[in-house]
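Protein chains in written order, with the working numbering: chain A, 1 to 286; chain B, 287 to 608.
Think of the hints as simulated: they come from the structure by calculation, not from any bench. Note that the structure is a prediction, hence the values are computed from the model and not measured. Fair warning: there could be bad hints in the mix.
To be verified - In silico DSS-like pairs for lysine-lysine, Cα to Cα no more than 30 Å straight-line:
(1) B:K585 with A:K175
(2) A:K81 with A:K140
(3) B:K585 with B:K290
(4) B:K290 with A:K175
(5) B:K585 with A:K81
(6) B:K389 with B:K585
Stated by the list, open to error - Interface residues of chain B toward chain A, partial, derived using beta-carbon atoms under 10 Å:
(7) R390
(8) M397
(9) Q404
(10) W527
(11) S563
(12) F592
Just so you know, even glycine gets a beta-carbon here, dropped at the ideal spot from N, CA and C.
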Amino acid sequence: MISLLVAQLLNGLAIGMIYALTAFGLSIIKGLLNVPNFAHGAFYALGAYVCFSALQLGMPFALALLLSFVVPALLGAVVEKLGVAQLMNGPYLYQLLFLFGIALILEQLIIIIWGTVGLSAMPPEWLQGAFDLGFTWIPKYLVFNGVMAALIIATVWVLIERTRLGSQIRAGIDKREMAQCLGLDVSRLITAGFALGSGLAGMSGGLVLPLLGANSTMGAEMLSIAFVVLVIGGLGSLYGALAAGILVGVIQSVSSVFVPSASTVLIYVAMVATLMIRPQGLFGER
Amino acid sequence: MQRKPSVYLMSAMAITIAVIAPLCLPFNIATEILIFGIFALATYLLLSVAGLYSFGQAAFFGIGGYVAGYVYINTDLPLIAGLVLAAVGSALIAMVVGMMSIKRTGIYFMMLTFAFNQMIYYLAYSWHSVTGGEDGLGGIRRPDLTIPGLGTIDFSSHLNFYILTAVMFVAIFACLYQLIRSPLGLVLNAARQNPHRTASLGFSVYRAQLLAFVIAGAASGVAGALFAMLYRIMPIDAISWTSSGTAVFMVIIGGMSSIFGPVIGAAIFIWLQGFFSLIWARWPLLFGVFIILVVLFLKGGAMELFDRMRRLVEARLQRSAR
């Protein structure tokens, strides 16, 4: 029992890192645009399928992962430039619906290109097999998945906290008008932020492909999880999503040992509980 | 402020719509339009009147459908009981969701309604013994309605079921229109424009908005119950977040400037869906393109289109008069 619990805990940590990464991307976009990106789940799914096709073509895993970032990021930039930016002046309901439309189109395009049957991919050879911890086994890819997600998050953290572009993005999130007054090209920052956020979603999809495979409902599932993570973490905070993502992953994974059918419902219970105790979310400000 | 037309005039127009619809469209399409018309009207109350951008209305539509479906399959309760239970069930859940969401404003509110929608979706998905899970809840009967002194109405006929739907549609339309004109509607309107000022005038914005949320939930529940009876099955898709997005879209596509907007929006959506789903299984793609085009180029929806046409005609008439 203990070994099963530990295995599920590690599993939950790895999946939670993926949730954290995806929700972090959503958090950046939400911070800059003040609009929740309904197409975020579709970008996540797109990343997984791009990674699958790249591996299918014989590309090395690292390149496939990179592509799963680049393709959704470019698409995100186009979507932002041609659509969301045009709707900047109206009520945000129109931006929401626009992104909803993009989500529908992407979801259907993925089905048209890759079909409805679930796909799976093997991790590269050097990541196959498992480490022996004595009382339980832990798949090498699971470790890689967690470490990789942590590395990406660290990279983005450096980008946002320690570079010029990052400080400009933060300025855009905090006080958009003021940043504009200081001569920053905020509309370009928003495009960059949208691309970054979409790319992070795509890369999560690519990373998770050898673990969970790719299927036509993965986008919608991840979208709702990312929303829950953001609500639990607190909307005002950029990094709240990281802790909340890991928390949600662990809750889901560990609870599946005891109540397998209700583990998805349980993360919503966690959300409701958070809201009742701390309405602004764990790290949000009032 | 311009005085709004009386509720009798508007109801007469709603009745006209209900009478004309089955003359130009097949019965099941006309019935579906009025059902989604009720759903869109409820969403309109939240979006356009109260300014509550809910992206989770399908949850209440779905609860209504499942409650009514469960009642009609497993009990011998009469028609009215199923509809009332559906409305009450949806209203109760709407109250709980509303209490947890309404104090959060703007985007936070929207994300919460979305998350609650997903929560209820997964509950329905995993509660197989009650909801049928992924397969949907099938075999829902349409109970007869016995009116003392008049006899029994059999709703298995398309015409009779259409009449039932039309009666519900007109009744809900009239109630919602009256509500919008009532003091509650005025408070909601004021709170949408400036919640702080409304609160400092002594109105409880929270209570007014919660009441609107509950009423919209109940109306959505009735729509869901009728929908479950229409095809005798309650599919799980009807409760998913895309269905909530569709409800918002019906309001936008019809136009937020008039209460007829959502009804027209429902008609356009159902007609498009019926048309395209026949020719292409991947029709939601076209729906997505359609949403984007409307949002980018016709923000006012069908109502704006009418407006533009009217102005064009008026300009032409004036020119010819000169």
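Against the structure, the hints come out as follows:
1. Restraint check for K585 (chain B) and K175 (chain A): the C-alpha separation of about 28 Å stays at or below 30 Å, so the hint holds.
2. Annotation: proposed proximity of K81 (chain A) to K140 (chain A) is violated, straight-line Cα distance about 40 Å (limit 30 Å).
3. A distance of roughly 23 Å separates the Cα atoms of K585 (chain B) and K290 (chain B); the hinted pair therefore holds under the 30 Å criterion.
4. Only pairs whose Cα atoms come within 30 Å are accepted, and K290 (chain B) paired with K175 (chain A) is rejected, the gap being roughly 41 Å.
5. The hinted pair formed by K585 (chain B) and K81 (chain A) meets the criterion: a straight-line CA distance of about 19 Å does not exceed 30 Å.
6. Proposed proximity of K389 (chain B) and K585 (chain B) is supported: the alpha carbons are some 28 Å apart, at most 30 Å.
7. Given the 10 Å rule on beta carbons, the hint for R390 (chain B) holds: about 7 Å separates it from the nearest Cβ of chain A.
8. Because the beta carbon of M397 (chain B) sits about 5 Å from the nearest beta carbon in chain A, less than 10 Å, this interface hint is met.
9. At about 4 Å, the closest approach between the beta carbon of Q404 (chain B) and any beta carbon in chain A falls short of 10 Å, and the interface hint on this residue holds.
10. At its closest, the beta carbon of W527 (chain B) sits 7 Å from a beta carbon of chain A; the interface hint therefore holds under the 10 Å criterion.
11. Using the Cβ-Cβ criterion of 10 Å, the hint placing S563 (chain B) at the interface with chain A is not satisfied: the shortest such distance is roughly 12 Å.
12. The interface hint given for F592 (chain B) is violated, since its Cβ lies 20 Å from the closest Cβ of chain A, which is over the 10 Å cut-off.
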